[in-house]
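Visitor: Take a look at the letters that make up each chain.
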Amino acid sequence: MSVIKVQHISKHFGNLKAVDDLSFEVQAGQVFGFLGQNGSGKSTTIRMLLSLIHPSSGSIEIFGKSIEKNRAAILEQVGAIIERPDLYPYLNAKEHLQLFAKVRKQKIPAGAIDATLEKVGLFHRAKDKVQTFSLGMKQRLGIAIALVHNPSLIILDEPTNGLDPQGIAAIRTLIKQLAKEEGKTVFVSSHLLSEIEQVADQILIIHQGKKIIEGVTKDLLDPQRRIVQIKTMDDEGTLQVIVAGSFSNYLLPRREGIFLKIPTYEIPLLNETLVKAGVALLAIETKNSLEDYFLQITSNA
Amino acid sequence: MKNYKVILVIGALFLLSFMSSMPLAAQLDPLIEKVSQKLALVNDYVAEGNMKTDVAFIKASLGKVKVYFKKPNLLKVKKEGGISLLPRGGVSLTINTLLNTKQYTTIPAGTQLVNGKNLTVIKLIPTDDNLDWVISTLWIDPIAALVYKTATTTKENGSYEITMQYGEYANYGLASKIIFSFNTKDYKLPNGITLEFGDEDPSAKQKALKNKKGTIEITYSKYSINKGIPSNLF
Amino acid sequence: MWSLIQVELYKIFRRPRTYIAFGAVAALIVVIQLGLKIDGNSYAAFLMKDINDTLTVDGKVLNGYLICYILLQLLLVHVPLLVALIAADMLSGEANLGTLRLLFSTPFSRTQWVLAKFIAASVYTILLLIWLAFLALFVSMWVFGTDDLFLMKSNYVVLIEQKDVLWRYVGAFVFASFSLLTVTSLGFLMSSMAGNSIGPIVGTMSAIVFFTILSTLNIPLFTIIKPYLFTTHMNNWKEFFDIKVNASNEAITGSILNIPKIKTSLIVLTLHIILFVTASIMIMKKKDILS
Chain A
1 MSVIKVQHIS KHFGNLKAVD DLSFEVQAGQ VFGFLGQNGS GKSTTIRMLL SLIHPSSGSI
61 EIFGKSIEKN RAAILEQVGA IIERPDLYPY LNAKEHLQLF AKVRKQKIPA GAIDATLEKV
121 GLFHRAKDKV QTFSLGMKQR LGIAIALVHN PSLIILDEPT NGLDPQGIAA IRTLIKQLAK
181 EEGKTVFVSS HLLSEIEQVA DQILIIHQGK KIIEGVTKDL LDPQRRIVQI KTMDDEGTLQ
241 VIVAGSFSNY LLPRREGIFL KIPTYEIPLL NETLVKAGVA LLAIETKNSL EDYFLQITSN
301 A
Chain B
1001 MKNYKVILVI GALFLLSFMS SMPLAAQLDP LIEKVSQKLA LVNDYVAEGN MKTDVAFIKA
1061 SLGKVKVYFK KPNLLKVKKE GGISLLPRGG VSLTINTLLN TKQYTTIPAG TQLVNGKNLT
1121 VIKLIPTDDN LDWVISTLWI DPIAALVYKT ATTTKENGSY EITMQYGEYA NYGLASKIIF
1181 SFNTKDYKLP NGITLEFGDE DPSAKQKALK NKKGTIEITY SKYSINKGIP SNLF
Chain C
2001 MWSLIQVELY KIFRRPRTYI AFGAVAALIV VIQLGLKIDG NSYAAFLMKD INDTLTVDGK
2061 VLNGYLICYI LLQLLLVHVP LLVALIAADM LSGEANLGTL RLLFSTPFSR TQWVLAKFIA
2121 ASVYTILLLI WLAFLALFVS MWVFGTDDLF LMKSNYVVLI EQKDVLWRYV GAFVFASFSL
2181 LTVTSLGFLM SSMAGNSIGP IVGTMSAIVF FTILSTLNIP LFTIIKPYLF TTHMNNWKEF
2241 FDIKVNASNE AITGSILNIP KIKTSLIVLT LHIILFVTAS IMIMKKKDIL S
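Protein chains in written order, with the numbering used here: chain A, 1 to 301; chain B, 1001 to 1234; chain C, 2001 to 2291.
Bear in mind the hints are in silico, worked out from the structure with no lab data behind them.
Fair warning: there could be bad hints in the mix.
What the hints assert, rightly or not - Straight-line C-alpha distance at most 27 Å; calculated DSSO-like pairs for lysine-lysine:
hint	chain 1	residue 1	chain 2	residue 2
1	B	K1078	C	K2244
2	C	K2049	B	K1052
3	B	K1149	B	K1071
4	C	K2244	B	K1064
5	C	K2244	B	K1185
6	C	K2163	B	K1078
7	C	K2049	B	K1213
8	B	K1034	B	K1076
9	B	K1188	B	K1066
10	A	K5	C	K2287
11	C	K2285	A	K105
12	A	K105	A	K127
13	C	K2285	A	K102
14	B	K1213	B	K1038
15	B	K1185	B	K1149
16	C	K2163	B	K1076
17	B	K1078	C	K2049
18	B	K1066	B	K1213
19	B	K1078	B	K1227
20	A	K65	A	K180
21	B	K1123	B	K1155
22	C	K2287	A	K69
23	A	K17	C	K2049
24	C	K2244	B	K1052
25	A	K69	A	K210
26	C	K2060	B	K1066
27	B	K1222	C	K2163
28	C	K2244	B	K1177
29	B	K1177	B	K1149
30	B	K1188	C	K2261
31	A	K17	C	K2287
32	B	K1177	B	K1213
Claimed, not checked - Pulled a few chain C residues facing chain A out of the computed Cβ check, cut under 7 Å:
hint	residue
33	S2003
34	R2014
35	P2107
Where is the CB? At the ideal position from N, CA and C, for every residue including glycine.
Kindly generate the complete structure, drawing on both the sequences and the hints.
Guide: Here you go:
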């Protein structure tokens, strides 16, 4: 069952296309990694999931219902942190949780607040005002706010920003625990593949508002498969050859250039097919890992 | 010889003028004496009454007042627990305070028909320069020995007219209703001070422009006479 | 909805800024009271110069009721600025802080949030007014005592009996609450249009100052537009202190000279409040929360 179903959403701010025809699905109990560099449209997408931003076109369904029409019922089951952990400097950690527990339709059990603080490691600082908190502590409090009402979908936008290595590790553990032990669906965004690949079951890479690649992490990181870039004089003709030669399954969506994620043993066959069809090949370059690929597309920008 | 004649003429004129002034100073009008005698019965009084202020630029409601009087000329009007507006220097010039000073001469000025009553008109001129009034005209009912109207010109506070009506306490010469009439001056405060920038009651403004005469009316309901009042009350 | 209002009130009263207005009102009132206590008689004498030419005023003119009137005249022009400090910050402040996105991703609609915030800002406004009433009226009554209210207006004087005064103040304060809520809603509207607090606060203050000046200038050109300015109507609490007279110029105790004027002003102010709040809701509903 898909918890999030996004279909062809776009968002324009004037001439700027922040999100461009994006579609994806997130399954229940999954940790979904949403990867993209800063300004790639991650936060705009997340804000659309939370109905903070109205999409210019397309539809979003969460728990099988349209977010536009069933906003309240959906958001009751969603916990989120969005970008920076912005909080009320004059309130303490516990007061934040009390405040956000109050603005839920369901009744939050009395022990939930302390338990949540414990979970994010802020229990000992519960009575301290947020203005004395480090960025990392604010980040953890932000996560606590997202968790306090025990939601079934958790959306975490860059949750490890500002955290030290121990903090990052703790969040990683927490995310895994939420999904594996508590059966929650976690949608987590980051601009670092290294963070996402360790926790996500599924990864989507977004660049300039468009989906670049999406797949099961295991497959994307599979050492048996390589990402191949084909450089030619005629991309259009080459694409026709690839499709005709039944390699279309391996094609990665890309605005410019031709990329395929292809089992290593099929690379010679691909080469042969292209040569036989008379494609004016300039090069077939293999990338070592998803990281290489991610770095390359983002550095092209 | 010529000098002697001149001295004689001057001396005669001096004597004549002295003689002519003698009866005026020596004897007061008997009617005034009669009125004074009546008023002399009252050593002090406390009167209760209603006071109505009718001045064009003032909006005030009917107020309960107490009027205190003590011989010879102490008078005080007090509003019960409130602010009272009285003609400047005017209230002290009631009949009792005027006549009790005894420092005046009288000039008869005939009779006049006022409100169907044939009243004797007598003018008083103070003989003491320290008194603050210059001349006062009294309209007196000669039979009842009651003053129905006075018109007084003061040194500093303009002219006043006081009209009186009598009832229960007429025997003491005490009125049941007194109306003070006096001239009012303009009233205006700059908007910047009052911080009133909207339109005020236009009818009140118009009235103030038209009517330059104000009255204060006291209707007495009860007098307590000669019960004694401490002087420090005034 | 109730829990949203509670949350908003909680936030307002946990912020130090909130108490600036309460402190400012207290300081202003105490300073004026002190000044009038020490030197009030010469002030009263100055006001009564024209009257004293004709009449002797006997009694405690400078009593608590008059002091309260003087205070209200001075303060009801300035309190809106203090109200703006909080009201114009309600939405934009949270947008600036970044917490608005947390609130708007809860299961409550934006309309509910905006209304809850407006109600909370209104509660703050009313509490500020009650605080002002307490200091200006009751403390003045205690310090200066009570007597008839001798009110010197520009062209005439109104003498209101002591027993006829207090209800007028109740009326005036209820009226003033509408005036201040208009300011609250204006600040709120400005707040909905901005992403930081300084703009709407300064904007609201400027609008009030600007329109108040237009309302108070007696220049024919401005007289035409005066009835359409909300600041003109905000000042009409004073109408509670003008009294009717009968044919023989006796003031009628318990009467108000111009009730229609008060009614009109209340309607105009209420319409402004509804308009400003509705506009704020519309703007916030459409807005993309980018902060």
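Visitor: Hints first: check each against the structure and report whether it holds.
Guide: How the hints compare with the structure:
no. : hint              : verdict
1   : B:K1078 - C:K2244 : 25 Å, holds
2   : C:K2049 - B:K1052 : 22 Å, holds
3   : B:K1149 - B:K1071 : 21 Å, holds
4   : C:K2244 - B:K1064 : 19 Å, holds
5   : C:K2244 - B:K1185 : 23 Å, holds
6   : C:K2163 - B:K1078 : 18 Å, holds
7   : C:K2049 - B:K1213 : 18 Å, holds
8   : B:K1034 - B:K1076 : 25 Å, holds
9   : B:K1188 - B:K1066 : 30 Å, violated
10  : A:K5 - C:K2287    : 24 Å, holds
11  : C:K2285 - A:K105  : 21 Å, holds
12  : A:K105 - A:K127   : 26 Å, holds
13  : C:K2285 - A:K102  : 22 Å, holds
14  : B:K1213 - B:K1038 : 32 Å, violated
15  : B:K1185 - B:K1149 : 23 Å, holds
16  : C:K2163 - B:K1076 : 24 Å, holds
17  : B:K1078 - C:K2049 : 22 Å, holds
18  : B:K1066 - B:K1213 : 24 Å, holds
19  : B:K1078 - B:K1227 : 18 Å, holds
20  : A:K65 - A:K180    : 25 Å, holds
21  : B:K1123 - B:K1155 : 16 Å, holds
22  : C:K2287 - A:K69   : 17 Å, holds
23  : A:K17 - C:K2049   : 74 Å, violated
24  : C:K2244 - B:K1052 : 15 Å, holds
25  : A:K69 - A:K210    : 26 Å, holds
26  : C:K2060 - B:K1066 : 17 Å, holds
27  : B:K1222 - C:K2163 : 24 Å, holds
28  : C:K2244 - B:K1177 : 25 Å, holds
29  : B:K1177 - B:K1149 : 11 Å, holds
30  : B:K1188 - C:K2261 : 24 Å, holds
31  : A:K17 - C:K2287   : 17 Å, holds
32  : B:K1177 - B:K1213 : 19 Å, holds
33  : S2003             : 5 Å, holds
34  : R2014             : 5 Å, holds
35  : P2107             : 4 Å, holds
Hint violations for this structure: numbers 9, 14 and 23, all remaining hints satisfied.
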